[in-house]
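Undergrad: For reference, the chains in residue letters:
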Amino acid sequence: MPVERYEGVHLGTTPEEIEDDVERGVLLTTLDRAIGWARKQSMWPATFGLACCAIEMMATGAGQYDLSRWGMEVFRASPRQADLMIVSGRVSQKMAPALRRIYDQMADPKWVIAMGVCASAGGMFTNYAVVQGVDTIVPVDVYVPGCPPRPEMLMYGILTLQKKVRTEEPFK
Amino acid sequence: MSRSRQDLPVAPFDPAGDVTEDFRDPATGDFRQETMIINMGPQHPSTHGVLRLLLELDGETIIRCKPVIGYLHTGIEKNTEYRSWVQGVTFVTRADYVAPFFNELAYCMAVERLLGVEVPERARIIRVLVCELNRVTSHLVAIATGGLELGAVSMMLYGLREREIIMDLFESITGLRMNHAYIRPGGVVMDLPEEAPRKLRDLLDILPGRIDEYETLLNDNPIWRERNAGVAVLSAERCMELGVTGPPLRSAGVALDLRKDEPYCGYETYDFDVITRTEGDAYARYRVRIDEMRESLKIAEQAFARLADMPGPVMIEDPKVGWQSKLSVGPDGIGNDPAYLDHIMEESMEALIHHFKMVTQGVSVPNGEVYVPVEAPRGELGMYVVSDGRNRPYRVKIRDPSFVNLQAVPDLVEGGLIADIIPAISSIDPVMGGVDR
Amino acid sequence: MSLAELAAAVATRFPDVVVTREEATVVVDRAEVLDALAWLRDEPGVQLDALSSLTATHWPDRDPAFWVVYELRSTALTQRLRLKVGVPDADQHVPSVTPLFPTANWHERETFDLFGLVFDGHPDLTRIVLPADWPDHPLRKDAPLGGVPTWFHGAFMPPIDERGMA
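Protein chains in written order, with the working numbering: chain A, 5 to 176; chain B, 10 to 446; chain C, 41 to 206.
If you're looking for bench data, these hints aren't it; they were derived computationally from the structure.
Check the hints yourself; a few may be wrong.
Result set (DSS-like, lysine-lysine): computed pairs, CA atoms no more than 30 Å apart in a straight line [stated by the list, open to error]:
hint, chain 1, residue 1, chain 2, residue 2
1, B, K269, B, K329
2, C, K181, C, K124
3, B, K269, C, K124
4, B, K269, B, K307
5, B, K208, B, K307
6, C, K181, B, K329
7, B, K208, B, K269
8, B, K366, C, K181
When you get a sec, could you build the whole thing from the sequences and use the hints?
TA: Right, dumping it as structure tokens:
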């Protein structure tokens, strides 16, 4: 493989696998379940709008496709107060160190959604200037394809992340 | 395997590298001690994207400001050299992503000028219609985010609410909410769908009242006036020296608008005014944008009226040039027009060959270079396109208005307070995708 | 004045004027760029007082190898002119026009960044869109497009510039 990618600290599982796990009786105690529920309830995204996907992210947070249904309309500017980083837009080589620095400044538990194909895999810009997938820099939990993804697609990505957060073991 | 950046010897990246060199005391080489050097961005809620400002502060007064850009450099111009002419539209449209139709329009007009072809009249009217509606959405984003950054959060919600109505119309016409790739060399890709006139009528009825709402909310609002009036003043001479165009120039009293001075796409036949103000401050730019939205709706009204009387093709008929996409939902639910498929598969071998060559190789454009400027919401958007006779561009240079307007930031901000940076930048309304390309 | 008249007026001083596709282009020697721009700005009837755009193109097999292109505009008389300056491969220097047109500041920095042409007399000629330590000048024709090869399940796509598109 020519490029090394992070495997993801929070290993992804599809919704079907999550259901299987739950049926098999994954050892989630009531406390774990409560913590998972509390964590997913109101995640605060960090403002990391880069390009076109940022405009769609703003539209998702606005009145028509309302993110505050899930308590997420509060975009925190300071990464120390945020737990979700939605990388929305193309990440240029110059921006990559800043991205990593913001990710490092976020406190655990933290999650990353790669919104759009540019963040997921470099998008249409397979060239010198764009990082070919933000998972070469930070571990990504959910990839949302699209150029740009519709607000409904981003919401589905957020809900998938919430399902994942709700059913994972809180302290590894 | 192509060389990637990992193969090249590079020094470790130092974010505070060379750019702070001129903030040092030339005698000692140290930073001056009485002033504070602070970095704003690139991740910042109020810098309208990934803009980095290096500020030297004395208390709260800004002594020096140096903008650092390049955090969204995407290599669009290099990428267009490796794709066909039509594929260039999808790249170019993502430069200034808040006003994508204008990028497409300038690029397609440049390609058409190189080819020496004229687009059908209906296509020109549709181009004017979607571009003016895009101007409205772009100004809505500018005012909405400007309001959000200064604390007028309701302005954000109202602006994006109206924007959703227009985006819905764009989606029914072009298939996408943003970055449409709808305007292509030779015309536009598809004609308006059946529900578009009704949606357009509703839109044109609702929007003027909503713009009245924004004016009621902000125009005489004491907080809005306090933060914007008299802030970030740029005189007309300084604007002209720095090459600033668009609403910042018109707010300083200079009535330069490419739609009037160098009309294109039939703009000389539409009736609209060029909005100017004299103060040249952030409040004047806000008022210019509000009034420009009204003018754009006027133009959209006229274009809509003309569409009813102008049936016809929307893409140039010449099969060697136009993009042959006569799409409609066929009996299988997929968008392939059965009549067109019959034509290319059953009736005409030549049509099939044309279709195949157009889709795989694309049009071949004669040798030459052109520069086409259009009046984008932020100023003069120019496209300098060079062809060497092949089916790919040789060089595409996007003269982006935000790139040039952002040079004015030190002038706007130095000598003022930190809090005045926010209305200064949001009144210039830069879109970093266009700045860095 | 009309385009033909503008071309004739410019040709009195700089004879290498071409008019095609309703645009006028004048080619000027590198050493007299500043004089040419000042003359074009001050000459009555021409008055090209604004610089819209400044860029470069690279022709690796030709001489001169680089063309620096200035798009001039007259705000009073609504006319445009393109001014081109040839730069040889051996000596990639051009006089900077920032004394006449402050707007050229960032344009020249970007052209330096992406092509490597040095603008003599520029107040602050550093990289602008690429990181400060970037090793090459990407928009030159001999610089690669970059990017990584794309892997699919069981298949491999080389980068665009090696894919052999017609």
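Undergrad: Give a verdict on every hint.
TA: Comparing the hints with the structure gives:
A threshold of 30 Å between alpha carbons decides the hint, and for K269(B) with K329(B) the separation of about 33 Å lies outside it, so the pair is violated. With a CA separation close to 19 Å, the supplied pair K181(C) and K124(C) stays within the 30 Å bound. Of the supplied pair hints, the one linking K269(B) and K124(C) holds, its CA atoms being roughly 28 Å apart against a limit of 30 Å. Straight-line distance between C-alpha atoms of K269(B) and K307(B) comes to about 15 Å, which keeps the hinted pair within the 30 Å bound.
For the given pair, K208(B) sits about 16 Å from K307(B) by alpha-carbon distance, which is consistent with the 30 Å threshold. A distance of roughly 28 Å separates the Cα atoms of K181(C) and K329(B); the hinted pair therefore holds under the 30 Å criterion. Only pairs whose Cα atoms come within 30 Å are accepted, and K208(B) paired with K269(B) is accepted, the gap being roughly 29 Å. Our distance criterion of 30 Å between C-alpha atoms is met by K366(B) and K181(C), whose separation comes to about 26 Å.
When the structure is compared with the earlier hints, a violation turns up for hint 1 alone.
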